[in-house]
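With the hints as your guide, set chain S onto chain V.
Number of protein chains: 2
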Amino acid sequence: MTGRVDGVCALAGILGLMMASPAAVAAPTQPVASAADIIAAAAPSEWRTLAADRLMVIDLPKGRVVIELAPDFAPVHVARIRQLVRSGYFDRAVILRSQPNYVVQWGLPEDHRPASAPGPLKAEFDAPGLLPLEALPDRDSYAPEVGFSVGFPAARDWADGRSWLVHCYGMVGVGRDNSPDSGDGTELYAVTGHSPRQLDRNITVVGRVVLGMELLQAMPFGTGDLGFYRTPAEMTPLRKVSMAQDMPLADRVRLQALRTDSESFRKLVDSRRNRRDPWFVHPAGHVDLCNVPLPVRPAP
Amino acid sequence: MTGRVDGVCALAGILGLMMASPAAVAAPTQPVASAADIIAAAAPSEWRTLAADRLMVIDLPKGRVVIELAPDFAPVHVARIRQLVRSGYFDRAVILRSQPNYVVQWGLPEDHRPASAPGPLKAEFDAPGLLPLEALPDRDSYAPEVGFSVGFPAARDWADGRSWLVHCYGMVGVGRDNSPDSGDGTELYAVTGHSPRQLDRNITVVGRVVLGMELLQAMPFGTGDLGFYRTPAEMTPLRKVSMAQDMPLADRVRLQALRTDSESFRKLVDSRRNRRDPWFVHPAGHVDLCNVPLPVRPAP
Numbered sequence: 000m001t002g003r004v005d006g007v008c009a010l011a012g013i014l015g016l017m018m019a020s021p022a023a024v025a026a027p028t029q030p031v032a033s034a035a036d037i038i039a040a041a042a043p044s045e046w047r048t049l050a051a052d053r054l055m056v057i058d059l060p061k062g063r064v065v066i067e068l069a070p071d072f073a074p075v076h077v078a079r080i081r082q083l084v085r086s087g088y089f090d091r092a093v094i095l096r097s098q099p100n101y102v103v104q105w106g107l108p109e110d111h112r113p114a115s116a117p118g119p120l121k122a123e124f125d126a127p128g129l130l131p132l133e134a135l136p137d138r139d140s141y142a143p144e145v146g147f148s149v150g151f152p153a154a155r156d157w158a159d160g161r162s163w164l165v166h167c168y169g170m171v172g173v174g175r176d177n178s179p180d181s182g183d184g185t186e187l188y189a190v191t192g193h194s195p196r197q198l199d200r201n202i203t204v205v206g207r208v209v210l211g212m213e214l215l216q217a218m219p220f221g222t223g224d225l226g227f228y229r230t231p232a233e234m235t236p237l238r239k240v241s242m243a244q245d246m247p248l249a250d251r252v253r254l255q256a257l258r259t260d261s262e263s264f265r266k267l268v269d270s271r272r273n274r275r276d277p278w279f280v281h282p283a284g285h286v287d288l289c290n291v292p293l294p295v296r297p298a299p
Numbered sequence: 000m001t002g003r004v005d006g007v008c009a010l011a012g013i014l015g016l017m018m019a020s021p022a023a024v025a026a027p028t029q030p031v032a033s034a035a036d037i038i039a040a041a042a043p044s045e046w047r048t049l050a051a052d053r054l055m056v057i058d059l060p061k062g063r064v065v066i067e068l069a070p071d072f073a074p075v076h077v078a079r080i081r082q083l084v085r086s087g088y089f090d091r092a093v094i095l096r097s098q099p100n101y102v103v104q105w106g107l108p109e110d111h112r113p114a115s116a117p118g119p120l121k122a123e124f125d126a127p128g129l130l131p132l133e134a135l136p137d138r139d140s141y142a143p144e145v146g147f148s149v150g151f152p153a154a155r156d157w158a159d160g161r162s163w164l165v166h167c168y169g170m171v172g173v174g175r176d177n178s179p180d181s182g183d184g185t186e187l188y189a190v191t192g193h194s195p196r197q198l199d200r201n202i203t204v205v206g207r208v209v210l211g212m213e214l215l216q217a218m219p220f221g222t223g224d225l226g227f228y229r230t231p232a233e234m235t236p237l238r239k240v241s242m243a244q245d246m247p248l249a250d251r252v253r254l255q256a257l258r259t260d261s262e263s264f265r266k267l268v269d270s271r272r273n274r275r276d277p278w279f280v281h282p283a284g285h286v287d288l289c290n291v292p293l294p295v296r297p298a299p
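Chains as they are written, first to last, in numbering that gives the first Met the number 0: chain V, 0 to 299; chain S, 0 to 299.
Derived by calculation from the structure, the hints in this document are not laboratory data.
Treat the hints with care, since some could be wrong.
Since the list gives no way to pick out one identical chain from another, each pair is judged satisfied if it fits inside one copy or across any two copies.
As the list claims (entries may be wrong) - Lysine to any residue pairs mimicking SDA-like chemistry, simulated, CA-CA at most 20 Å apart:
1. K121 x R47
2. K61 x A78
3. K61 x A232
4. K61 x T235
Next up, chain V with everything else stripped away, as it sits in the complex:
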């Protein structure tokens, strides 16, 4: 870790808006730990290694996308996705859709779907019980309580005792039809714009893109309804989709995430809420759940 927010810190984009001129890199008048400083100073024990059996690796023509799955929230869907990946199901998949400020979605094109598709699954829009949560004190306009649960942005409702993953940028969910129990894990989407929080508790969320968001973001917008592509020629193929656990060691993705229950993460959140760098003249004193970076780095 060099101290800078590099390409691997794929969701960390919340720093200042300096000009590229020399003045932009002048030392601040008072020393303030930047987000990059806090991340660089985190102890090795504050990082967790992402488990290989939870990492879905998508090789696109222009590079690699890695998704951390969240079995704590959607055990049945995650098991299905893992099974689909290991069976090679997604190796014939394509990007089906890219809708501006919304999502990119992938799966098999209609004429490639196997006759015997896997059956639909019971919805896992939220999980029973109040799952562990590092709650934010900041108010949220959609949910009664939000924060981080096992590394993911999440929410809870004490009134009904349910917990759920929140649709922030980079989150991954399972497409479904009108019936809540119609998703089968064969079509997945990732959020590419402003967090579509209206989807929370309406669809099963299964994880988060931890590497390669720029590849999904770069998909041309589809010109069909809802951003679907109209012709096969517009659809980017997923060359190979693997669980990291099944990849040859030499090629295997090894990533670490800053633990959301660590002291350094607490400092990072606070530094985002109360901006102390001299650039800010009107610090918000507030941070939106989806504006908190979730740093990821290659395992040392």
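Chain S alone, transformed into the frame defined by chain V:
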């Protein structure tokens, strides 16, 4: 306008998450006007034609980006930008930076900056007075009052009598150094991820991308600090930057936006707040300012 949300409705991505299978396009059990239906049914008088002297047109190697400028909020900066564009200043500009879930920024690379650069401008982080606003009833976690002002997402504070443009996806602002009065209009950025609301009232916002967001989104993430590119080879050139008013008629961009003070827009906002389509099982009953689409179409 065909009724679908096409590529020109660049910020309209807030529809459902259907699967691509035939079931996904089955008729809903009860007829509900979709966002696309509401937009398609809007009367001609509910659309405003974007003024050619407010449209900044950036021709990138892969296509065209169009920005609507907002002189009501930042008159001095908008005048400066228009002057820079008309003088050809940006024709040697490049994409300087792409930071994940944050912004894309452009300007002249350091070794191409003219010796006599234009002087810095006084900050226009907010505007004096309570500018006209179609206020949302929905609570906002950053500002006391939010809504739409002359077609832009905006906020007001009655306590200090100021109004400002809000950093939603696609909004464009002016890079500056640590001094609030250091921006000079030569470096601009566009928001490409979750709305960085902490920037509100900390930087001068001058407009919104109304066409071509996918081209900015597709820029590879920079690997330098804050997503800046390290080498000239990584920087995409801006081939030509023009004010629409100066373009030959045949090539001129002619766009319309749905008026934010129209009845159809009010219906559109309500349809986003209270989802009545049968797909939703937990309608949020709330809409975030930055989740409201601002439809744009080619002028008929």
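Going through the hints against the structure:
no. : hint       : in the structure
1   : K121 x R47 : neither (31 Å within a copy, 46 Å between copies)
2   : K61 x A78  : neither (28 Å within a copy, 40 Å between copies)
3   : K61 x A232 : both (16 Å within a copy, 18 Å between copies)
4   : K61 x T235 : both (10 Å within a copy, 17 Å between copies)
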